[in-house]
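Q: What follows is the residue order along each chain.
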Amino acid sequence: MKHAVLNRRKIRRTSGDILFDTVNYIILALVMLIVLYPLYFVAIASFSEPNMVNTGQVVLLPKSPSLDGYRRIFNNAKIWNGYYNTILYTVAGTALNISLTMTVAYTLTVHRFSIKKILLVYLMIPVYFSGGLIPTFLQVKALGLENTRLALIILNGLNVMNAIIARSFIRSSVPQELSEAAEIDGCSHFGIFFRIVLPLTKAGIAVLVLYYAVAHWNEYMLALIYLRNPKLYSLQIILREILLQNQAQDFMDDIVSATEKQRAAELIKYGVVIVSSLPMLILYPFLQKYFVKGTLIGSIKG
Amino acid sequence: MKNNRRGMLNGKKLKRTITREWQLYLLALPAVIYLFLFHYVPMYGVQIAFKDFVAIKGIEGSPWVGFKHFERFFSTYMFERAFSNTLILSFMGLLIGFPVPIILALLLNQLPGKKFKKTVQTVTYAPHFISLVVIVGMMTLLFSPNTGIVNKALVQLGGQKTNFMGEAKYFRWMYVLSGVWQSAGWGSIIYLAALSSVDMGLYEAARMDGCSRFGLVLHIDIPSIIPTCVIMFIMEMGRLMSLGYQKAYLMQNDLNLSVSEIIDTYTYKVGLINNKFSYSSAIGLFTSVVNIILLVGANTLSRKVTEESLW
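Residue numbers (our numbering), protein chains in the order written: chain A, 49 to 350; chain B, 244 to 554.
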């Protein structure tokens, strides 16, 4: 709308304005290039002959394209297992997140809820104070969750700031009169929550799903701290082994020569970056219009 | 007699409230239990920082030792090193990382076309969705001294081969700039939100008065997002000491340890690798206390100077 207003006054565009626009376009185009090129480069490198990449000949397009790296990656049981675990942690963890977040967020929107203030304080204290790494670790251990799948699902179960965002979502998408009318007609709070609030806040829930799912997908510290059994390792742990600890040996049992191994390792590294990041990178543009809205609602204080 | 009746009335009222609200209690209960188990119990467990933790005796049964662990931490060279590394990294991140999303939002807001704006946004948000493991992995690949494309380009341009990820003197720049690369786009969302609420009439009036486009940014856009900037800045202050151990830990190697060892990584290593539970907790507690002091300090200052405040 604002731009329409400005455009109507096109006649008055001075040369200074044109310069401003030009410089603006150039800067933003450069910003895009800086963000995009590293990602693009990793993508083309993952399809190229490793020697070409290592000698700097792959710049704009893949050279001697091959799927060798991907073949090795997809033939590796560790990667599949990591994928399986990460999907499990992400799906189950996000489901738990949404349940914990939406239920408590709804109670915070109920008019005249007698303990609302106390509840809010109870929720906000952990945002500012935390027991820290070791006391949390000891508690997880005491609950018998160490080295279990459950730990990765339950820990980070609730992000209080997301509950505050959810509260704003509910307030803005469920008219107060509607839930009050339902209450007068004898609808219970359960009824209002399941039959009115949840269906009306679908867009908001989609945003929360994205926030939480991305966090689970990319989480690696929890796995590093709480998991000992390699069978339970999430994708990020496997990635760390391959990318940063150079443990890609079992991807190339068939190769004998050391230099060949080195080459294959490079190719695998580029490939795993793509394989692990692609799901999220493909997903988010579709949800972009929702999550921007979510951040906006969440950013309005209180 | 009167008191008694009031008591009965209150009792009745309480009963009525409970019958009306019990389903709400039930709905809030899962979150309450979760926070109790994984946040409040560990908060109580912080006392371990003042004790000598013995595993068989548990947190409660272990003997009190007062400030022993704090004193030990303050007297080691690691304190100075980790403390200053943390602060330098934080301040560099704040100095460079804080303005970039604001500038990006201001530029995006002045774009006349919607399509280009949306494209820039989609592209700049992307790195936010990439994990830190992958980011650091990409850095080691792209900046590798022998095979990385950055060094290839550098040599082509007549420069020297440089081990960006290995040498200590580059660590901070790599850490901070990769952070900007990853989060500037996502960080601009909140400022774009603030900018979208600027009154159109202001732009019109300013244009009538012959204000240039750059003038609009300077005199309308910037003043209108200052409250948001202040709030964001206060929140950054509250996080100054807790950079998080993930990225620094991933980027750490033997060569850069002198600059990459921050409080968070040190706490992690001391606690979970060397199993010095009490000592590590003491460092962690010290960090949170500093964070809270900084947060409250920044907030008080801001309330006095700009009348913006978190609470």
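In case anyone wonders, no lab produced these hints; they're calculated from the structure.
All C-beta atoms, glycine included, are put in the ideal place defined by N, C-alpha and C.
Hints may contain errors.
[Said to hold, decoys possible] Using 27 Å as the maximum straight-line C-alpha spacing, the simulated DSS-like pairs for lysine-lysine come out as follows: (1) Lys189(A) x Lys255(B); (2) Lys164(A) x Lys255(B); (3) Lys164(A) x Lys258(B); (4) Lys337(A) x Lys519(B); (5) Lys404(B) x Lys111(A); (6) Lys279(A) x Lys357(B); (7) Lys311(B) x Lys547(B); (8) Lys300(B) x Lys337(A); (9) Lys189(A) x Lys258(B); (10) Lys337(A) x Lys126(A); (11) Lys404(B) x Lys189(A); (12) Lys189(A) x Lys519(B); (13) Lys279(A) x Lys189(A).
[To be verified] Here are the in silico distance ranges between beta carbons for each label pair: (14) Arg482(B) x Ile330(A): 19 to 25 Å; (15) Arg61(A) x Trp554(B): 42 to 48 Å; (16) Ser467(B) x Trp128(A): 47 to 53 Å; (17) His462(B) x Leu248(A): 48 to 54 Å; (18) Met209(A) x Ala411(B): 50 to 56 Å.
Q: If a hint holds in the structure, say so; if it doesn't, say that too.
A: Hints, verified against the model:
Proximity of Lys189(A) to Lys255(B) is assessed by CA-CA distance (about 44 Å); at most 27 Å being required, the pair is judged violated. About 20 Å separates the Cα atoms of Lys164(A) and Lys255(B), which keeps this hinted pair within 27 Å; it holds. Taking the CA atoms of Lys164(A) and Lys258(B), the gap is near 17 Å; set against the 27 Å cutoff, the hint holds. Between Lys337(A) and Lys519(B) the CA atoms are separated by roughly 47 Å; this puts the pair beyond 27 Å, and the hint is violated.
Pair hint Lys404(B) plus Lys111(A) holds up; C-alpha atoms about 24 Å apart against a cutoff of 27 Å. Restraint check: the Cα-Cα separation between Lys279(A) and Lys357(B) comes to about 48 Å, which exceeds 27 Å; the hinted pair is violated. Between Lys311(B) and Lys547(B), the direct Cα distance comes to roughly 38 Å. Violation of the 27 Å bound is thereby established for this hinted pair. In summary, the hint linking Lys300(B) to Lys337(A) is not supported, as the alpha carbons are separated by about 54 Å, beyond the 27 Å threshold.
Distance check on the hinted pair: Lys189(A) and Lys258(B) sit about 40 Å apart at the alpha-carbon level, beyond 27 Å; violated. Under the criterion of a C-alpha separation no larger than 27 Å, the hint pairing Lys337(A) with Lys126(A) is inconsistent with the structure, at around 36 Å. About 48 Å separates the Cα atoms of Lys404(B) and Lys189(A), which puts this hinted pair outside 27 Å; it is violated. Distance restraint check for Lys189(A) and Lys519(B): the Cα-Cα separation of roughly 16 Å lies within the 27 Å cut-off, and the hinted pair is therefore satisfied.
The hinted pair formed by Lys279(A) and Lys189(A) meets the criterion: a straight-line CA distance of about 19 Å does not exceed 27 Å. Taking the beta carbon of each, Arg482(B) and Ile330(A) are about 31 Å apart, not inside 19 to 25 Å as hinted. Between Arg61(A) and Trp554(B) the beta carbon distance is about 45 Å. The supplied range of 42 to 48 Å therefore holds. Separated by about 51 Å at the C-beta atoms, Ser467(B) and Trp128(A) satisfy the suggested range of 47 to 53 Å.
At roughly 41 Å, the beta-carbon separation of His462(B) and Leu248(A) lies outside the given 48 to 54 Å, and the hint is violated. Separation of Met209(A) from Ala411(B) is about 35 Å and departs from the stated range, judged on CB atoms against 50 to 56 Å.
In summary, the structure is inconsistent with hints 1, 4, 6, 7, 8, 9, 10, 11, 14, 17 and 18 from the numbered list given earlier, while agreeing with the others.
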